[in-house]
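Novice: Please put together the full structure from these sequences, using the hints given.
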Amino acid sequence: MKKAESPQAISQPFRLDGCHALVTGGASGIGEATVKELSRAGAIVWIADINVPAAEALAAALPASRAIHLDVTSPDSIAAATSQIPRLDILVNNAGIGHVGSIEATAPDDFDRLLDVNVRAVYLVTRGFLPQLLAAQAETGRSGCIVNIASVAGLVGIKQRFAYCTTKGAVIAMTRQLAVEYPKSLRVNAVCPGTVETPFVEGYLDKFHKHNKEEVRAELRSRQPIGRLGRPEEIASMVRYLASSEAAFISGSLFTIDGGWTAA
Numbered sequence: 001m002k003k004a005e006s007p008q009a010i011s012q013p014f015r016l017d018g019c020h021a022l023v024t025g026g027a028s029g030i031g032e033a034t035v036k037e038l039s040r041a042g043a044i045v046w047i048a049d050i051n052v053p054a055a056e057a058l059a060a061a062l063p064a065s066r067a068i069h070l071d072v073t074s075p076d077s078i079a080a081a082t083s084q085i086p087r088l089d090i091l092v093n094n095a096g097i098g099h100v101g102s103i104e105a106t107a108p109d110d111f112d113r114l115l116d117v118n119v120r121a122v123y124l125v126t127r128g129f130l131p132q133l134l135a136a137q138a139e140t141g142r143s144g145c146i147v148n149i150a151s152v153a154g155l156v157g158i159k160q161r162f163a164y165c166t167t168k169g170a171v172i173a174m175t176r177q178l179a180v181e182y183p184k185s186l187r188v189n190a191v192c193p194g195t196v197e198t199p200f201v202e203g204y205l206d207k208f209h210k211h212n213k214e215e216v217r218a219e220l221r222s223r224q225p226i227g228r229l230g231r232p233e234e235i236a237s238m239v240r241y242l243a244s245s246e247a248a249f250i251s252g253s254l255f256t257i258d259g260g261w262t263a264a
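Heads up: the sequence shown begins at 1 in this note's numbering, then just goes up one per residue.
Source of the hints: derived by calculation from the structure; they are not laboratory data.
The reader is advised that the hints may include incorrect statements.
Unchecked claim - Below, simulated SDA-like cross-link-like pairs (lysine to any residue); rule was C-alpha separation at most 25 angstroms, straight line:
{"id": "1", "residue 1": "184", "residue 2": "54"}
{"id": "2", "residue 1": "207", "residue 2": "184"}
{"id": "3", "residue 1": "207", "residue 2": "50"}
{"id": "4", "residue 1": "184", "residue 2": "124"}
{"id": "5", "residue 1": "159", "residue 2": "169"}
{"id": "6", "residue 1": "159", "residue 2": "210"}
{"id": "7", "residue 1": "159", "residue 2": "231"}
{"id": "8", "residue 1": "207", "residue 2": "221"}
{"id": "9", "residue 1": "207", "residue 2": "254"}
{"id": "10", "residue 1": "207", "residue 2": "197"}
{"id": "11", "residue 1": "159", "residue 2": "237"}
{"id": "12", "residue 1": "184", "residue 2": "228"}
{"id": "13", "residue 1": "159", "residue 2": "98"}
{"id": "14", "residue 1": "207", "residue 2": "107"}
{"id": "15", "residue 1": "210", "residue 2": "97"}
{"id": "16", "residue 1": "210", "residue 2": "124"}
{"id": "17", "residue 1": "213", "residue 2": "228"}
{"id": "18", "residue 1": "207", "residue 2": "111"}
{"id": "19", "residue 1": "159", "residue 2": "227"}
{"id": "20", "residue 1": "184", "residue 2": "254"}
{"id": "21", "residue 1": "159", "residue 2": "101"}
{"id": "22", "residue 1": "207", "residue 2": "84"}
{"id": "23", "residue 1": "210", "residue 2": "63"}
{"id": "24", "residue 1": "159", "residue 2": "223"}
{"id": "25", "residue 1": "184", "residue 2": "172"}
{"id": "26", "residue 1": "159", "residue 2": "124"}
{"id": "27", "residue 1": "213", "residue 2": "102"}
{"id": "28", "residue 1": "159", "residue 2": "104"}
Unchecked claim - Computed Cβ-Cβ distance ranges for the label pairs, DEER-style:
{"id": "29", "residue 1": "104", "residue 2": "216", "range": "15 to 25 angstroms"}
{"id": "30", "residue 1": "102", "residue 2": "231", "range": "42 to 52 angstroms"}
{"id": "31", "residue 1": "223", "residue 2": "135", "range": "37 to 47 angstroms"}
{"id": "32", "residue 1": "83", "residue 2": "262", "range": "18 to 28 angstroms"}
{"id": "33", "residue 1": "102", "residue 2": "11", "range": "13 to 23 angstroms"}
{"id": "34", "residue 1": "12", "residue 2": "234", "range": "13 to 23 angstroms"}
{"id": "35", "residue 1": "181", "residue 2": "40", "range": "29 to 39 angstroms"}
{"id": "36", "residue 1": "64", "residue 2": "105", "range": "37 to 47 angstroms"}
{"id": "37", "residue 1": "108", "residue 2": "246", "range": "40 to 50 angstroms"}
{"id": "38", "residue 1": "75", "residue 2": "51", "range": "13 to 23 angstroms"}
Note that CB positions come from ideal geometry on N, CA and C, so glycine has one too.
Specialist: Structure follows, in structure tokens:
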């Protein structure tokens, strides 16, 4: 009779041992869940956030993780970060902000702010770390990996989300273009979440629906056929998969995690 293999002898899927990863907006919400998941997979994770105390607290609780200050809208801040990180295999562009309003209710300053954080910052951070990502293949034999956190708002029209839909559509376009531009040295994919239970969503409810928060929360749940909000961990699991060797043939793709929203 064949002896049963020990748990240690069984190969674990979606491992990232020895990989160096950076997650923007990594101190909370989907970013925090992604940091934890990549760390659990064995990666060395840089937690990049403008909120350094929160990033440091998270790093202290995880093995092989380190906090780094990063203002994704600042070329100087990005340059300082790139100088501290000589190697990078995985970049997760997660940092972003939201806005509520039709085109008529969206002031130019608000529109510019969303473009700055949600689009220009993805360009700046990706461009800043591109040398490290392109060098990853020569060093490890694995293509550099970028996972952009987009949104279903980049795929379908959502009322009162003019600026947000615009910017997330741009992130999807950048994802596809980069995948075509660097087909053999980079894998670039995007995750498109529906509404996820995060501080991002809570902040939106507090700011725009303070007096009918629970009513709006119920509406957010009901627009997703599965009947609930997503969980940050569910998005993080997809990021881990896309960063792993098992996803080596995937590039230029979009992955909706939305409880059936875009299928309805």
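Novice: Please go over all the hints and tell whether each is borne out by the structure.
Specialist: Now the hints, each set against the structure:
1. 184 <-> 54: Judged against 25 angstroms, a Cα distance of about 36 angstroms means the pair is violated.
2. 207 <-> 184: 44 angstroms, violated
3. 207 <-> 50: With Cα atoms ~21 angstroms apart, residue 207 and residue 50 stay inside 25 angstroms; holds.
4. 184 <-> 124: This hinted pair holds, its Cα atoms lying about 22 angstroms apart.
5. 159 <-> 169: 15 angstroms, holds
6. 159 <-> 210: Holds - the C-alpha atoms of residue 210 and residue 159 are around 19 angstroms apart, at most 25 angstroms.
7. 159 <-> 231: Distance of about 23 angstroms is within 25 angstroms: holds.
8. 207 <-> 221: 18 angstroms, holds
9. 207 <-> 254: 30 angstroms, violated
10. 207 <-> 197: 16 angstroms, holds
11. 159 <-> 237: This hinted pair is violated, its Cα atoms lying about 29 angstroms apart.
12. 184 <-> 228: 39 angstroms, violated
13. 159 <-> 98: 13 angstroms, holds
14. 207 <-> 107: Within the cut-off at roughly 17 angstroms; holds.
15. 210 <-> 97: 18 angstroms, holds
16. 210 <-> 124: Cα-Cα ~34 angstroms, so violated.
17. 213 <-> 228: Answer holds: residue 213 to residue 228 is near 15 angstroms, not above 25 angstroms.
18. 207 <-> 111: Given pair residue 207, residue 111 holds - Cα atoms ~17 angstroms apart, limit 25 angstroms.
19. 159 <-> 227: Satisfied, since the Cα-Cα distance of roughly 20 angstroms is no more than 25 angstroms.
20. 184 <-> 254: 18 angstroms, holds
21. 159 <-> 101: Holds. Residue 159 to residue 101 sits at ~8 angstroms (cutoff 25 angstroms).
22. 207 <-> 84: 36 angstroms, violated
23. 210 <-> 63: 39 angstroms, violated
24. 159 <-> 223: Since the Cα atoms of residue 159 and residue 223 sit roughly 12 angstroms apart, the hinted pair holds (cutoff 25 angstroms).
25. 184 <-> 172: 20 angstroms, holds
26. 159 <-> 124: 29 angstroms, violated
27. 213 <-> 102: Answer holds: residue 213 to residue 102 is near 20 angstroms, not above 25 angstroms.
28. 159 <-> 104: 12 angstroms, holds
29. 104 <-> 216: 15 to 25 angstroms: 21 angstroms, holds
30. 102 <-> 231: 42 to 52 angstroms: Given about 30 angstroms between the Cβ atoms, the range is violated.
31. 223 <-> 135: 37 to 47 angstroms: 43 angstroms, holds
32. 83 <-> 262: 18 to 28 angstroms: Once the Cβ atoms are compared, 40 angstroms apart, the range 18 to 28 angstroms for residue 262 and residue 83 is violated.
33. 102 <-> 11: 13 to 23 angstroms: Because 52 angstroms falls outside the window, the suggested range is violated.
34. 12 <-> 234: 13 to 23 angstroms: 19 angstroms, holds
35. 181 <-> 40: 29 to 39 angstroms: 32 angstroms, holds
36. 64 <-> 105: 37 to 47 angstroms: 46 angstroms, holds
37. 108 <-> 246: 40 to 50 angstroms: 45 angstroms, holds
38. 75 <-> 51: 13 to 23 angstroms: 20 angstroms, holds
Hints 1, 2, 9, 11, 12, 16, 22, 23, 26, 30, 32, 33, counting from the list given before, are not met by this structure.
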